[in-house]
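J.: What follows is the residue order along each chain.
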Amino acid sequence: NAGVTQTPKFQVLKTGQSMTLQCAQDMNHEYMSWYRQDPGMGLRLIHYSVGAGITDQGEVPNGYNVSRSTTEDFPLRLLSAAPSQTSVYFCASSPVTGGPYNEQFFGPGTRLTVL
Amino acid sequence: AQTVTQSQPEMSVQEAETVTLSCTYDTSESDYYLFWYKQPPSRQMILVIRQEAYKQQNATENRFSVNFQKAAKSFSLKISDSQLGDAAMYFCAYRSAGRHKLVFGAGTILRVKS
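Protein sequences, first through last, are from chains A and B. Just add 92 to the spot in the first sequence (first one is 1) and you have the numbering used here. Just add 92 to the spot in the second sequence (first one is 1) and you have the numbering used here.
What the hints contain is simulated information worked out from the structure, not anything from laboratory work. Any given hint could turn out to be false.
[Said to hold, decoys possible] Derived EDC-like pairs: lysine to aspartate or glutamate, alpha-carbon spacing no greater than 16 angstroms straight-line:
no.: 1; chain 1: B; residue 1: LYS147; chain 2: A; residue 2: GLU151
no.: 2; chain 1: B; residue 1: LYS162; chain 2: B; residue 2: GLU121
no.: 3; chain 1: B; residue 1: LYS165; chain 2: B; residue 2: GLU121
no.: 4; chain 1: B; residue 1: LYS193; chain 2: B; residue 2: GLU109
no.: 5; chain 1: B; residue 1: LYS193; chain 2: B; residue 2: ASP173
no.: 6; chain 1: B; residue 1: LYS147; chain 2: A; residue 2: ASP148
no.: 7; chain 1: B; residue 1: LYS193; chain 2: A; residue 2: GLU195
no.: 8; chain 1: B; residue 1: LYS193; chain 2: A; residue 2: ASP118
no.: 9; chain 1: B; residue 1: LYS165; chain 2: B; residue 2: GLU109
no.: 10; chain 1: B; residue 1: LYS170; chain 2: B; residue 2: GLU109
[What the hints assert, rightly or not] Over 12 angstroms on every C-beta distance to chain A, these chain B residues come out as not near it, computed from the model:
no.: 11; residue: GLN149
no.: 12; residue: THR152
no.: 13; residue: ASN159
no.: 14; residue: ALA164
no.: 15; residue: ASP173
[As the list claims (entries may be wrong)] From the structure, some residues in chain B lie toward chain A, with a derived Cβ separation under 8 angstroms:
no.: 16; residue: TYR117
no.: 17; residue: ARG135
no.: 18; residue: MET137
no.: 19; residue: ALA179
no.: 20; residue: GLY199
Cβ atoms here follow ideal geometry from the backbone N, Cα and C, with glycine treated the same way.
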C-alpha cells in the first residue's frame, strides 16, 4: 500500500494563479481531509469529506474548493492564489468505521509558496 | 468549540534524560480522544500515542507515556531515555468521539542534545 500520497511536494505560484493539490489514498478510507500548517498555529482543517460526493467546510475554508468524485481522490483547488495561502498542506484519511480510534493517516505534505 | 494549547514553543533535553511536554485543552464534551503526533524534519506526521477520555489508565508506548488529568483538562507527554531521533515538532490533538476532525495545538519543538 502506498498509503496517502500528495503531489506536488513543492510548488511556487504567483498571486492570482490557480492550481490543484492532489491527494490520493489506497486504503479505501471513507474520511479524507485537508489541513494547512502555519508557524505557531499548528494544523488547521480546511475541508473534509466523509465519502464520495460529500464534502464540508472546516475551520479555514475561504479561498479553497474541494470535490470528492471517488473514494480514492480528494483534490484541493486554489482558484486565485494569495500570499496568505503560503503554507504547508497536508491531506489525511481515516476509516469511518474502523474502530474507536479511527486513526488518521497523513500524506507527506505540499509546501506552497505564493509570491 | 474545542481548543488545544501547548504553552511551550521549544524544549530541550539531554540525551538519555526525561522530558515532559505540556498540553491543555478546553471542551464541554465528556467523550473524546487525545493524541500526540511527532513531526520530524521530513514533515511526515507520525502518531506517537493516543488516549481515550473514558479510560482512567494513562497510555504508554515504549518510552512514551502520558499523564492524562481529565478534570484539569491536561494531557502531557513524557519521553523517557531521550534519543537523538526524538528531536522533532510535537503536536497535541483532540478529537470528539463520533467525529473525525482533529483540533491541533500550536506545537512544541523538542531539541535533543548529545
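J.: Looking at the structure, which of the earlier hints fail to hold?
T.: Structure breaks hints 1, 4, 5, 6, 8, 9, 16 and 19.
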